[in-house]
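Participant: Residue strings, one per chain:
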Amino acid sequence: MADRQELRLLGDTPKAVSRRRFIQGVIAGGAAVSSAAYLFRSSAVHGAGDTGGRLITLNVNGQRRRADVMKQETLAWTLRYKLGLTGTKLGCDRGECGACTVLLDDVPHYSCSVLTHTVRDQKVLTIEGLANPDGTLHPIQQGIIDEQGFQCAFCMSGFIMASVGFLKTTPNPTRSELAHGISGNLCRCQDYDKILTSLMRGAENMREVNHVDVG
Amino acid sequence: MSTSDNERQYGPQYKLIGKNYVTADLYAKVTGKSKYAEDFRAEGMLFCKLLLSPVPHGRVKRIDASEALAMPGVRAILTADDLPAPADTVTDNGTVIKASKWGERGLTMEPVYQGEPILAVAAVDELTAAEAVERIHIDFERLPFVVDPLDTLRPGGPNPRTDGNVWVTPPGGQPAVQELKWTDADFAETKYGRLPMGKTPDEWSYGDLDAGFKNAALVLDETFVTPDVSHQTLETRSAMAYWQNGKVYLHSGTQSTAQTRTAIARWLNMDADKIVFISEYTGGGFGSKVTGGVSMIIAALLSKKVNAPVMMRISREEETFIGRARPGFQGRMKVGFSKEGRILALDMFVISDNGPYDAQGDAPTSGHMVSLLYQPQAMRWRGVTALTNTPPRSAQSSPGGLQGITITEPIIAKAARKLGVDQVAIRYINCPEGKAPYGPPVQGKLQHATSAFLKDALQRGAEQFKWQERIARSPKRMGSKVRGVGVALSCYVGGTIGFDGLLVITPEGRIQFQSGIGNLGTESVIDVHRAGAEVLGVPWEKCDVVWGDTSKHFPYTCVSGGSQTTHAMTRAAYAVAMDAKQKLQEIAAKSLGGNPEDYEVANERVFRKGSGSGITFAQAAQRAIELGGKYDGHEAPADVNKMTKASIAALAGQGLVAAARDNYPRDGNTHSYVASFAEIEVDVETGKYYIVDFLAYADVGTVIHPRALGGQVLGRSILGIGHAIGQKWVFDPHYGEMVSKRFYQNRPPTILDVPVDMQWGALDIPDPETPVGARGIGEPPVGGACASILNALSDALGDEIFQRAPVNADTILTSLEAGRPMQHPLMAHI
Chain A
1 MADRQELRLL GDTPKAVSRR RFIQGVIAGG AAVSSAAYLF RSSAVHGAGD
51 TGGRLITLNV NGQRRRADVM KQETLAWTLR YKLGLTGTKL GCDRGECGAC
101 TVLLDDVPHY SCSVLTHTVR DQKVLTIEGL ANPDGTLHPI QQGIIDEQGF
151 QCAFCMSGFI MASVGFLKTT PNPTRSELAH GISGNLCRCQ DYDKILTSLM
201 RGAENMREVN HVDVG
Chain B
1001 MSTSDNERQY GPQYKLIGKN YVTADLYAKV TGKSKYAEDF RAEGMLFCKL
1051 LLSPVPHGRV KRIDASEALA MPGVRAILTA DDLPAPADTV TDNGTVIKAS
1101 KWGERGLTME PVYQGEPILA VAAVDELTAA EAVERIHIDF ERLPFVVDPL
1151 DTLRPGGPNP RTDGNVWVTP PGGQPAVQEL KWTDADFAET KYGRLPMGKT
1201 PDEWSYGDLD AGFKNAALVL DETFVTPDVS HQTLETRSAM AYWQNGKVYL
1251 HSGTQSTAQT RTAIARWLNM DADKIVFISE YTGGGFGSKV TGGVSMIIAA
1301 LLSKKVNAPV MMRISREEET FIGRARPGFQ GRMKVGFSKE GRILALDMFV
1351 ISDNGPYDAQ GDAPTSGHMV SLLYQPQAMR WRGVTALTNT PPRSAQSSPG
1401 GLQGITITEP IIAKAARKLG VDQVAIRYIN CPEGKAPYGP PVQGKLQHAT
1451 SAFLKDALQR GAEQFKWQER IARSPKRMGS KVRGVGVALS CYVGGTIGFD
1501 GLLVITPEGR IQFQSGIGNL GTESVIDVHR AGAEVLGVPW EKCDVVWGDT
1551 SKHFPYTCVS GGSQTTHAMT RAAYAVAMDA KQKLQEIAAK SLGGNPEDYE
1601 VANERVFRKG SGSGITFAQA AQRAIELGGK YDGHEAPADV NKMTKASIAA
1651 LAGQGLVAAA RDNYPRDGNT HSYVASFAEI EVDVETGKYY IVDFLAYADV
1701 GTVIHPRALG GQVLGRSILG IGHAIGQKWV FDPHYGEMVS KRFYQNRPPT
1751 ILDVPVDMQW GALDIPDPET PVGARGIGEP PVGGACASIL NALSDALGDE
1801 IFQRAPVNAD TILTSLEAGR PMQHPLMAHI
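Chains A and B, in that order, are what the protein sequence lines are. Here the first sequence is numbered in the numbering used here, starting from 1 and rising by one per residue. Here the second sequence is numbered in the numbering used here, starting from 1001 and rising by one per residue.
These are calculated hints, taken from the structure and not from any lab test. Remember, it's a predicted structure, so these values are computed and weren't measured experimentally. Some clues are possibly wrong.
Said to hold, decoys possible - No more than 30 Å apart at the CA atoms, straight line, and that leaves these computed lysine-lysine pairs for DSS-like:
1. A:K82 with B:K1304
2. A:K82 with B:K1035
3. A:K71 with B:K1033
4. B:K1247 with A:K82
5. B:K1035 with A:K71
6. A:K123 with B:K1035
7. B:K1305 with A:K82
8. B:K1418 with B:K1688
9. A:K123 with B:K1033
10. A:K168 with B:K1035
11. B:K1741 with A:K71
Whole structure, please, built from the sequences with the hints as guidance.
Facilitator: Below is the structure:
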């Protein structure tokens, strides 16, 4: 009975069914396709169309990662629930807070507002991929350690990714310039002053690291 | 460079207290490894979605979930019928809480606000659960509702709950909902834009009010409305639950790891020892997660029902409804000033918009704070805690303090202008000092503070802010830009007493502090134990702090609300370190002969004074295990809390187990204080304004961790500033529908709303009534920050611009043009 219902929901093509069964066998996340539109119904980005998931390959933190992704699935959802990268946070679900910021080809994006299937050709960098594999922190992360930046830190990975992206184009900012660069991120602990101090320290760390590299 | 106090040396006599260091939770945060509730996964985990009430007040007549339950992947629904019935319970300290028929239970068949959860659906994924919610049909019987407290107080006004509209607390009893209606004669005041002042359930006074007003050189009578502001923690109150061997494991955010387990036990009506609560990282609280949120039991009960783990991811929109907010006030205050500006008489009247559930203390607390902060020679306070069909409220950073200060400060600023007294000077002569008295009177006597050095903070702050230079600057106006400066006083409760400390000295020679404090990022969860390490003279590298999981055994710990923690838990840390020291000395005497007092503790050793022969901490811990009894936790002190006793028993045999209750005496009640300074620039052609400079100078006793303190002083200041510059609730009164649901409609301040170089300072004068001298800081900066912005605005634009907060560009433009405040003077939620 359940199969018959799902068949109806999925459409009649055997291909869809087989994909469907495959997904069920691999992960739980792709079930109930007809409902997919609900969460995104109010977003202009997403149509109400439905299809099953599809297996795609992403470049995340320098690794090739395979994931079964629904057509209307956001990158934030894929990172958190398919790839286990929970350092990227969902704060508002809708592009208002910046907690889900990641870099796509070095440019900061709200991953809650990016469809996963659109980033197949891009390099995705999340907070988990920022430190060196040997554990050495990125200079921005080190700046936060040095200055005890942030309080609850739920917004922190978004701020870090936004500032790493901003500093790639503006490596030597004033406090005011850096504040503008990260103004798409909300901190409800309102620890902005300490955040800015720690990110400025991070920017300084970055310049020193780069200087050493050149020397 | 901002945070100028970063470079200052605090506590030169200490090795750890007053010093910056790297907290143990920071590495996990910067690398994204720190796990918040929604980051946990479990085998076979289902997802849950809530069905929220579309009506502000009604009864569920019929639920048809057949279509939803027939959907593939849908496992179960949970309604209020599945919740345990309210029962009498006992808190950790033995207080009995009687079951209340008005209490919030998580789900309901009689919704009392739009957005209240009616039921929850569990399904294989979140989209299926959401779709199932859409397919559930509910018939509601609509009931009368009200969103403005004044509307329910009117003769014949609707009641937000079927049996009443105000909370009344009998002396020594629990609050009860009763009906209160004022008269048409009371409401005649509204014609003049003044708050009607009918009879109130609560009132207190001291001094000769009439004489004060008679002798006053100036009397002002002002009406002022403060906004409802949501907590908007960036981490919503998501929860994940599963059951294993008869125990429930719950992951959610909290402001107290130790006490949340007891709250869950109360909500689930089960034994606390069957509950494991995990909360290593919490994404903001500000009063909205004091013992977590009752909604977390939905995940627990659904999990039990379907026999699978359940993730309840709360969306931002759901959080808007169930995530708590500060009660807005409609207030009125009459103040009599001497010609020097001293407050001779102060008559305060407030209506607190409580929402539909538990009675909040904001209204009474507002009177307490105003009395302490401005030291009026005579004062009366009257208040109503009114219910409305708007989302539930809870304490928010400086509950009642922000509202009281925000109502009072603009009146003082206006009086200073009328009397020709400097704004800093008028605050100086009204400032609390030393063991300052305050109301309400208890058994006919005023209460008093442990200490107050606010005059020093005001003076030093004025110097650092270059107050005299700024007010002398002219012209104030350049083109369309006008500058204004404002100063405000601020205070709040800064600590409680009587909690327990617990630590283990391990056979490896490490000091393990058991911390039941919630981890909100203020770092008190770790910071307070530095006071214990200081007493023992151990390097911090030899210390571990265990936190965030009730299966790890915590002592009875205060909740991190009301700025209690730094005071309460440094006392407990000091007490337990003294106990450890005593035990070390006793063990040394037993091992090496002589008396305990012949030994001293230093350099991770306990050794004979003079000769130096002794044993290491590691050896002492091993010896403690051999001795057993009180030394390794097999016996517990008689006076510690039962929670602490259970934890001591669980840790017994692991090393030298030290435990102690904070029994230190205290004369007075602990408060902390802040002097806040702001300069703003308004463009009178656009109404837009920005904050040019801001300084908060704090009197918080001994500084424990300067960077963390700076984060609190400025962070909570900005939370207060949000109330001045834009945050509020807006309701459609016709449908009882909230229209300010998302960040973009009710945006907390962003990094661009505040100066890039904010300043803070701290006196670092120890409070004389606590061993370490430290007081709390979460709430005290909030009210003063908000009021300093309002005072700067009236300095720039005059007294006829606003009589409510927040002050937006449209308020400024319309009021400037009309020459009088143009917003509705009384209506809530506009």
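Participant: So, for every hint listed, does it hold in this structure?
Facilitator: Now for the hints, and whether the structure bears them out:
no., hint, in the structure
1, A:K82 with B:K1304, "holds (26 Å)"
2, A:K82 with B:K1035, "holds (16 Å)"
3, A:K71 with B:K1033, "holds (29 Å)"
4, B:K1247 with A:K82, "holds (29 Å)"
5, B:K1035 with A:K71, "holds (28 Å)"
6, A:K123 with B:K1035, "holds (25 Å)"
7, B:K1305 with A:K82, "holds (26 Å)"
8, B:K1418 with B:K1688, "holds (27 Å)"
9, A:K123 with B:K1033, "holds (21 Å)"
10, A:K168 with B:K1035, "holds (29 Å)"
11, B:K1741 with A:K71, "holds (28 Å)"
Of the hints listed earlier, there is not a single one the structure fails to meet.
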